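So the chains spell out like this:
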Amino acid sequence: MSWESVIGLEVHVQLSTRSKIFSGSATAFGAEPNTQANAVDIALPGVLPVMNREAAVMAVKFGLAVNATVNQRSVFARKNYFYPDLPKGYQISQYEIPIVGPGYLDIEVDGEILRVGITRAHLEEDAGKSLHEDFHGMTGIDLNRAGTPLLEVVSEPDMRSAAQAVAYLRKMHTLVRYLGICDGNMQEGSFRCDANVSVRRAGDDRLGTRTELKNINSFRFVEKAINFEIERQVEVIEGGGSVVQETRLYDPDRDETRSMRGKEQAHDYRYFPDPDLPPLVIDDDFVEASRRAMPELPDAKRRRFVESYGLREADADMLVTDRPVADYFEAVCAATAADARTAANWVNGDVAAALNRDGIDMTAIPVPAEHVGRLLDRIADGTISGKIAKDVFSTMWSSGDDPDSIIESRGLKQISDAGAIEQIVDAVLADSAAQVEQYRAGNQKVVGFLVGQVMKRSEGKANPKQVNEILRRKLDA
Amino acid sequence: MSITKEDVHRIATLARLRIGDEEVDGYADNLSRILDLVEQMNAVDTDAIEPMAHPLDVALRLRPDEVTETDRRDAFLEIAPAADRGLYLVPRVIE
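Protein chains in written order, with our numbering: chain A, 11 to 487; chain B, 25 to 119.
Please keep in mind that the hints were generated in silico from the structure rather than gathered at the bench. Incorrect hints may appear among the rest.
[Unchecked claim] Facing chain A, from chain B, some residues (calculated, C-beta under 10 Å): (1) I35; (2) L86; (3) D89; (4) A107.
What you are looking at is a predicted structure, and each value in this text was computed from that prediction instead of being measured. C-beta: ideal position from N, C-alpha, C; glycine also.
Turn these sequences into a full structure, and let the hints steer you where they fit.
This is how it looks when you write it as structure tokens:
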């Protein structure tokens, strides 16, 4: 029996505004508990919410980026539930009319384009945090996060595998960072994902009963949690049981999903329009101003990199995933006469490897793009070989010095002076009588050995092309 | 009567209200009458009228994205029933 899985995702994008969605409190991560929770956030009686304009701008930019309808009039509603991390007793969200209507995102998996429908995206406020340990049997509440703006993006159940879900999530992650509306930090919870998963027999049109997976806060866990859940549901059904609609928590330590007990009763949030907030009106000017403030998006940038720089698709793909990386690549290109493919190879190769090794991202790179550009020029004009360039780069990384001064001070300039190379070749030949004899007896392979000896004696600085020519001329003489 | 005793108990639970057994009938009766009134209004033909989310015909006012609040934690913690190390304390929440 073959099974098909059906997956839809809800992504909570924490918007990177300076202040909260309905109050003037700061939103910075990591502050001392409750130092960024004011009277509105802790819900003192008589306070009123005032909407942050920037949160609306960010939502509109997102809507435009996913080809969605932006609703000219959207409505905030109260989602009623009692939990101490939201002391009002309700969360301000959007229900019947969200700010962003239907749109889509195209993803690529195994060379195939899949269009994933986006049902809607709505604005809401985040909740605070509960701390359960060590408070004499009580729960500690930190309301710093309460009121931080969120954009909840709901997809259609258009994905059929965990790999597709991860591709969708990655694309969304890249997109929100490009738009500058979210820092994308999954560890700090700025980008969170819930997955709705169900299975059905292949060919069946009806959807199976779904479960909602929560607490999956890395791309790897999303894939593992969904795969675990698909297998679990198939086992339940094949064992004669039926899937229960419920919320399940993913436990990365045990790589399994568990039913969340205590929340089994059906939710009844009793949504109603929030009387404190009149409708949010977004007119054409607002939309156009937001559109003008949007950067070039990843798909457009990839096309441009392929078309105007002549890059391979795969290289362009790697470069555009992270906007600072793409910017760095372009800055290297602007600073060098070397061709763009070489620049792409360096940025995706040595530069990426060094960032990875040091565990830092592009925004913290110690080497200016201009220095990498100049290094590529020194390879192109024959000052140093590609091999020496790697050494120079590693010194650039640790010292912050520019390549020319490193080449100069360490005497790494390539030896292209025929006379000087000839001297070294003569010395090597004099020491390698046996190999010379083998060559003359017809063994071509020893040339490689002899070139190696010359390079070694020149400390890697001899121009390899010239070494080859001179060596052969002398051997054949 | 459209609201049953069970409905009253459920609504009270959702709203975290404690209602004595002797009060249930009264609430069921009152809430039912409110629904009856809504029922009466439902008879009016409103097809040509746009649903209203707010009684005032105004748009939401938007403020610039600026941090305008200062840290007043100590004053707020002072009036909380229980606090410790900068956190508000509440009866244990079971997940």
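Against the structure, the hints come out as follows:
no.: 1; hint: I35; verdict: 9 Å, holds
no.: 2; hint: L86; verdict: 4 Å, holds
no.: 3; hint: D89; verdict: 4 Å, holds
no.: 4; hint: A107; verdict: 9 Å, holds
When each numbered hint is compared with the structure, no violation occurs for any of them.
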